[in-house]
Amino acid sequence: MKQHTLGEFEELVLLMVATLHDEAYGVAILEGLEEKLEKKVSISAIHVALKRIEDKGFVKSRFGGITEDRGGRRKKFYAVTGLGKRMLDAQFELRSSLYKLIPKISFG
Amino acid sequence: MKPIPPKRALQFLRWFCREDYLDEIEGDLLEIFRKDYEASPKLAIRKFTWNVLKHFRLEYIKSFKSHHHTNTADMFHHNLLIAYRNFLRYKSSFLINLIGLSSGLACALLIYLWVNDEWHVDKFHTNRDRLYQVKENVEQDGGMITRITTSGPTAEALATEMPEVEYAVTNTFDHIFHDVLSIEGNDIKAGGLYASADFFKLFSFELIQGNKNQVLSDKKSIVITEGLAKQLFGTTENIVGKTVEWQHKKQYQVSGVLQDLPALSSVKFDFILTFEAFKEDNNWVLNWFNTAPQTFVLLKEGTDIERFNKKIADLVRTKTEGNANHRTPFIARYADAYLYGKYENGKQAGGRIEYVRLFSIIALFIVMIACINFMNLSTARASRRMKEVGMKKAVGARKSSLVVQYLSESTLICLLSLLIAILLVVLVLPQFNTIVGKNLTLHFNLKFTVGLLGLVLLTGLIAGSYPAFYLSKFKPVTVLKGKLNNFAGEVWARKGLVIFQFTLSIILIVSVWVVYKQIQFIQTEKLGYSKNNIIIIRSEGKIDEKKETFISEIQKISGVMAASNGGHDMTGHNGGTYGIEWPGKDPENRTEFENMAANYGLIEMLGISIKEGRSFSKNFADSSSIIFNEAGIKLMGLSDPIGKEVKLWGRNMQIVGVVNDFKFESFHEQIKPAFFWLQPNAPNIMIKIEAGKEQEVIAQLQKFCREFNPGFPLDYRFLDADYQSLYAAENRVSILSKYFAGLAILISCLGLFGLAAFNAERRNKEIGIRKVLGSTDFAIVRLLSADYTKMVLTAIFISLPISYILAKSWLGSFAFRIELEWWFFVGAGLIALLIAWFTVGILTIKASRVNPSECLRGE
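So the sequences go chain by chain: C and V. The numbering of the first sequence is our numbering, which starts it at 1 and goes up by one. The numbering of the second sequence is our numbering, which starts it at 1 and goes up by one.
These are calculated hints, taken from the structure and not from any lab test. Errors might be hidden in some of the hints.
To be verified - Here are the simulated lysine to any residue pairs, SDA-like style, with alpha carbons at most 20 Å apart:
{"no.": "1", "chain 1": "V", "residue 1": "123", "chain 2": "V", "residue 2": "314"}
{"no.": "2", "chain 1": "V", "residue 1": "347", "chain 2": "V", "residue 2": "22"}
{"no.": "3", "chain 1": "C", "residue 1": "51", "chain 2": "V", "residue 2": "706"}
{"no.": "4", "chain 1": "V", "residue 1": "347", "chain 2": "V", "residue 2": "46"}
{"no.": "5", "chain 1": "V", "residue 1": "663", "chain 2": "V", "residue 2": "706"}
{"no.": "6", "chain 1": "V", "residue 1": "556", "chain 2": "V", "residue 2": "706"}
{"no.": "7", "chain 1": "C", "residue 1": "60", "chain 2": "V", "residue 2": "22"}
{"no.": "8", "chain 1": "V", "residue 1": "35", "chain 2": "C", "residue 2": "66"}
{"no.": "9", "chain 1": "C", "residue 1": "40", "chain 2": "V", "residue 2": "46"}
{"no.": "10", "chain 1": "C", "residue 1": "51", "chain 2": "V", "residue 2": "14"}
{"no.": "11", "chain 1": "C", "residue 1": "39", "chain 2": "V", "residue 2": "50"}
{"no.": "12", "chain 1": "V", "residue 1": "212", "chain 2": "V", "residue 2": "240"}
{"no.": "13", "chain 1": "C", "residue 1": "40", "chain 2": "V", "residue 2": "53"}
{"no.": "14", "chain 1": "C", "residue 1": "40", "chain 2": "V", "residue 2": "123"}
{"no.": "15", "chain 1": "V", "residue 1": "54", "chain 2": "C", "residue 2": "34"}
{"no.": "16", "chain 1": "V", "residue 1": "47", "chain 2": "C", "residue 2": "71"}
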């Protein structure tokens with residue numbers, strides 16, 4: 001099977017899904033990201049990223065109950081799959097291993 | 001109160017968004033909207049709309065596949081698959097259908113292109129609904145004839161006296177002359193006509209320079225086409241106002257430049273001079289007695305044509321104070337003149353429209369023949385598919401879905417055929433264009449494409465209808481048991497269709513034969529004069545001034561056998577006069593005699609034989625001698641005519657000779673009375689050239705003319721080519737019908753071949769058993785072909801009377817025609833029978849030579 005790659009923004013969204021654990025849906029992810037990144041994020045960008053990581057199998061989704069707030073629309077909750085977790089681990093490992101290789105000299 | 005998101009944006013989101021993402025997207029957007037709304041309602045609304053737009057991405061757009069009709073879509077897919085597998089499995093019948101339908105459709109397409117073009121000729125004039133041509137019914141001894149020539153003052157009289165007429169113009173459409181136009185030593189021969197000032201208000205020939213209301217108002221004006229402008233000036237820019245010399249005689253100022261004429265114009269010309277200029281040189285056109293130019297009127301909206309015709313019926317009679325009672329003017333729509341140009345006894349009697357109709361019918365027939373192949377082959381092979389039908393019905397297929405299946409199969413094959421047909425058309429279009437003398441192109445505009453698809457659907461429906469209803473009728477129980485009831489009706493229908501195909505084919509064969517024979521008759525029948533190797537030159541410039549010298553000089557060129565001049569071009573009607581009086585003439589008789597001015601030697605050169613008396617001769621004073629043809633003498637009722645006196649335009653003339661009748665008009669016309677009178681100054685120089693030396697002599701002539709007649713490029717025509725052009729339509733029909741008949745018989749035979757192959761295969765065992773029992777090969781061939789022979793014989797029987805009537809009516813338009821011989825019909829029948837035998841024969845012989853042990857071994 002083709003190894004799926006993970007884009008930068010997709011990785012952020014995936015991390016956010018993992019962080020929010022079981023409460024991850026569009027608006028919650030948006031707010032979490034905006035808070036951490038301290039800048040405006042577009043909801044459509046999040047939807048697209050969610051769809052892509054779902055298609056790649058890194059997250060799975062379920063529908064929540066109907067809430068009044070959403071005009072009768074259900075929330076779509078996302079959770080990280082095993083594959084997603086492994087992907088995050090691999091990414092983290094790659095980064096920290098590379099980070100460790102940085103020579104200990106001062107950066108002017 | 002709850003904040004309300006923008007309605008339109010929400011609607012749009014719901015319209016485009018996939019159902020499975022709508023909950024998430026709409027919900028999230030609403031949630032954000034509500035939160036934002038508390039801060040700033042305006043901003044929230046704007047942000048919501050913007051967010052909706054940002055979601056308008058390929059990932060979220062609904063698929064166009066309709067989810068409500070998945071079953072139909074699946075069935076359609078399934079039908080296509082089954083059709084495809086069937087094509088692969090029964091390659092021969094697939095190929096037969098494909099070849100038949102594609103050549104049939106190609107044929108129909110070609111004919112459509114031609115018919116469409118014919119329909120649009122002269123229809124581009126924006127005033128076409130109000131633009132009428134004045135014609136005249138002229139009473140003659142032999143009945144009424146209709147002419148498009150009118151008197152010069154007609155237009156003016158109509159414009160001033162009839163309130164219904166908006167504009168009226170005179171022009172010389174049917175007389176395009178080739179004159180020399182020159183500018184600074186650049187001499188160009190070009191075709192021109194004369195037209196009066198309002199010409200461009202009637203006809204939509206587009207001017208690229210000049211004002212259409214003024215370009216012809218000054219009689220020193222000339223309007224030239226773009227093409228001619230490029231030839232003369234090398235450009236179309238800034239030439240208005242420049243001077244062009246005409247015939248090295250007169251100067252005209254360019255007042256306008258015309259766009260090159262549309263291909264759909266039936267008249268072709270390169271320049272226009274004013275009718276005022278024509279009047280100046282030809283004062284005979286000023287009176288009501290002479291007719292030559294044509295008159296056109298633009299009527300006001302809503303004019304009652306019949307009332308108008310009644311009003312103008314007496315126009316000529318009034319204007320001539322009763323001296324030209326035989327002429328009754330009437331108007332007819334100019335846009336129709338091209339297709340409906342023929343008149344008989346003053347009544348409209350078809351014209352080119354007959355050929356348009358004829359070819360449309362042929363196209364229809366050929367497509368029908370191809371459709372019949374499809375029907376026959378599919379029903380005949382129904383036994384192979386009855387299990388399929390049985391299975392489908394057993395699992396619950398309705399009759400209608402089976403009908404749809406077979407119809408889509410036939411439509412699919414039609415679509416494939418259409419693609420091949422288009423390819424074929426593209427391939428043969430250049431040749432087709434040379435035959436029909438047009439410049440047709442395939443042009444895929446919306447209308448044409450829709451028409452094509454319509455044609456495919458229609459053909460598919462026709463071809464598929466019978467098999468679809470026939471196959472879907474099967475009862476599942478019986479067919480699954482393996483019984484196929486060959487209803488008598490079905491066999492009859494199949495036979496009937498084959499008979500129909502062959503009937504059409506035989507009719508076409510007879511038509512081809514008759515047309516070919518008639519054309520051959522025209523080509524070979526003695527005309528009473530010789531048209532071969534004679535060229536005509538118009539006398540102009542120096543030739544006109546020193547005609548006698550010119551003629552005697554060119555006779556010295558080796559290869560020139562004779563030269564003379566005359567006033568008639570010996571091809572068709574040129575001009576006639578009723579100004580001949582003879583003892584006992586009824587003063588009301590206005591029958592016209594064809595006026596053939598001639599110089600010495602012309603009658604001899606043309607090989608017209610003298611019946612009585614003598615020809616013109618320099619040994620006599622012949623200035624008041626006249627020679628008639630037999631028809632003329634017969635009309636006047638003179639017995640022993642030589643030496644008798646008649647009056648020509650009031651002058652006494654003595655009849656010195658009678659010539660045998662000769663056919664100067666087309667074979668459609670009876671021989672008209674004609675007379676020769678001596679006019680050494682007549683304008684057409686005719687030169688007879690020794691056979692085989694044409695090129696040489698013409699080169700010599702050109703060289704001679706350059707010296708003798710500088711400034712006038714030599715313009716010559718062959719008399720026999722002119723003669724051929726009288727039969728352009730017939731020649732075309734002859735060639736085209738040959739191809740179409742060939743195609744029709746080919747397609748019919750393909751069908752027959754398919755049927756015969758199927759039958760031979762089905763009767764395989766029967767043949768085996770017969771052979772075991774001692775039948776000879778020949779007896780089996782006879783047995784197998786007997787059916788087809790009967791069918792073709794029936795077709796012959798049906799088609800002969802029909803083709804007889806058709807041939808008779810076509811020949812009816814010729815005054816001189818071949819007799820219909822019985823063997824044309826029997827011959828055509830025999831040809832059809834032989835071709836059918838040949839087609840079936842190959843198969844039956846192969847079938848009869850089968851080894852019985854092989855075909856009986858199975859089961």
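Please write out, lowest number first, the hints stated earlier that are contradicted by the structure. 1, 2, 3, 4, 5 and 14
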